[in-house]
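**Q** Starting from the structure of chain A, add chain B where the hints point.
As they're listed, the protein sequences go chains A and B.
Just so you know, we're using the working numbering here: the first sequence kicks off at 9 and counts up by one.
Just so you know, we're using the working numbering here: the second sequence kicks off at 305 and counts up by one.
Treat the hints with care, as some may be off.
As the list claims (entries may be wrong) - Simulated DEER-style distance windows between Cβ atoms: (1) A:Val81 with B:Lys404: 15 to 23 Å; (2) B:Thr402 with A:Gly36: 16 to 24 Å; (3) B:Leu366 with A:Leu47: 24 to 32 Å; (4) B:Lys363 with A:Gln67: 38 to 46 Å; (5) B:Glu319 with A:Pro16: 33 to 41 Å; (6) B:Leu374 with A:Leu119: 39 to 47 Å; (7) B:Thr382 with A:Val63: 18 to 26 Å; (8) A:Asp64 with B:Glu356: 15 to 23 Å; (9) B:Gln318 with A:Lys23: 43 to 51 Å; (10) B:Lys404 with A:Lys70: 15 to 23 Å; (11) B:Pro344 with A:Ala28: 43 to 51 Å; (12) B:Arg362 with A:Asp82: 36 to 44 Å.
As the list claims (entries may be wrong) - No more than 27 Å apart at the CA atoms, straight line, and that leaves these computed lysine-lysine pairs for DSS-like: (13) A:Lys52 with A:Lys91; (14) A:Lys52 with A:Lys23; (15) B:Lys359 with B:Lys307; (16) B:Lys367 with A:Lys52; (17) B:Lys375 with B:Lys404; (18) A:Lys70 with B:Lys404; (19) A:Lys79 with A:Lys52; (20) B:Lys359 with B:Lys375; (21) B:Lys307 with B:Lys414; (22) A:Lys86 with A:Lys70; (23) B:Lys404 with A:Lys86; (24) A:Lys52 with B:Lys414; (25) B:Lys375 with B:Lys414; (26) B:Lys361 with B:Lys307; (27) A:Lys19 with A:Lys86; (28) A:Lys23 with A:Lys91; (29) B:Lys375 with A:Lys52; (30) B:Lys404 with A:Lys52; (31) B:Lys367 with B:Lys321; (32) B:Lys363 with B:Lys321; (33) A:Lys52 with A:Lys70; (34) B:Lys321 with B:Lys404; (35) A:Lys79 with A:Lys23; (36) A:Lys52 with B:Lys307; (37) A:Lys70 with B:Lys307; (38) B:Lys404 with A:Lys79; (39) A:Lys19 with A:Lys70.
I should point out that these hints are in silico values taken from the structure, not numbers from a laboratory.
Nothing here was measured: the structure is a model prediction, and the numbers come from that model.
Backbone N, C-alpha and C fix where the C-beta goes; we use that ideal spot for every residue, glycine too.
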Amino acid sequence: EAGVAQSPRYKIIEKRQSVAFWCNPISGHATLYWYQQILGQGPKLLIQFQNNGVVDDSQLPKDRFSAERLKGVDSTLKIQPAKLEDSAVYLCASSLGGHLFFGPGTRLTVL
Amino acid sequence: SQKIEQNSEALNIQEGKTATLTCNYTNYSPAYLQWYRQDPGRGPVFLLLIRENEKEKRKERLKVTFDTTLKQSLFHITASQPADSATYLCALELASGTYKYIFGTGTRLKVLA
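Just chain B, same shape as in the assembly:
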């Protein structure tokens, strides 16, 4: 069956450390993988997109890797801050041009001061 899995347990890290979140998928061949941030009571907000032929993408303190062989994406936040505390969702676009996005379960990140 098709699945997108993220760490179901909350991730607690100390301020200043690097947070690493995992997104694993099975039985999908996504064209793109995206990461979103969701704060309580709000809709998700887009952070980064990586294409199937890209290995790594960076934006400020954020870095995303995409390994289509392992069927896994890693999302890193360097020099984490308490303001980074939120739920992070990965999403797959199933095929280029369909604009159909399937979301993972999300991982709650808490950065401790």
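So that you can see chain A by itself, here it is in the shape it has in the complex:
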């Protein structure tokens, strides 16, 4: 079974630039999550999708972050404009219910 795919694996940008991350969940997994993990901390939930609908985006900084899940499969997370404090690993996870399957993450460095 293929795992959760994410790209790119690494991204370095200047502050105020924009960036987008892509996630392809495990086939058939209805629930998709984006987490932000700052160095030395646990993952923080940004947004949760059920199929292509948003279940929870209460922790998403909506003035600069946006996310979509087209056709209930792939998802993209965008940051525009980026700030220094957005430097983190962005983890995508999917689930059938029960527990999470994580992708390898995208490490974002904002200079």
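**A** Below, chain B alone, put in the same frame as chain A:
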């Protein structure tokens, strides 16, 4: 306020000993508690799940306890090996069926040969 706390300091133990990691939470009433392992540069990997009405769960060398009165879970690795060195995260599912998972801060475990 709501918190999930794990030992922030790294835990170093000798190979062959039992490692015990703690997860404490406040102002949550989780339906499930899960433990994940995270290696550097990788996403977390699910290890074990325990339900609110279960006291203990075992899987091979792993054991998890869940005390909803103390609001605490303990995660034990028996006969620890250097390959067990990683960061261990606990996660709460806030209510059954929401599939919303909140993670603790993680504890870094190092098993010394």
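**Q** Taking the earlier hints as the rules, which of them does this structure contradict?
**A** 4, 7, 11, 34, 35
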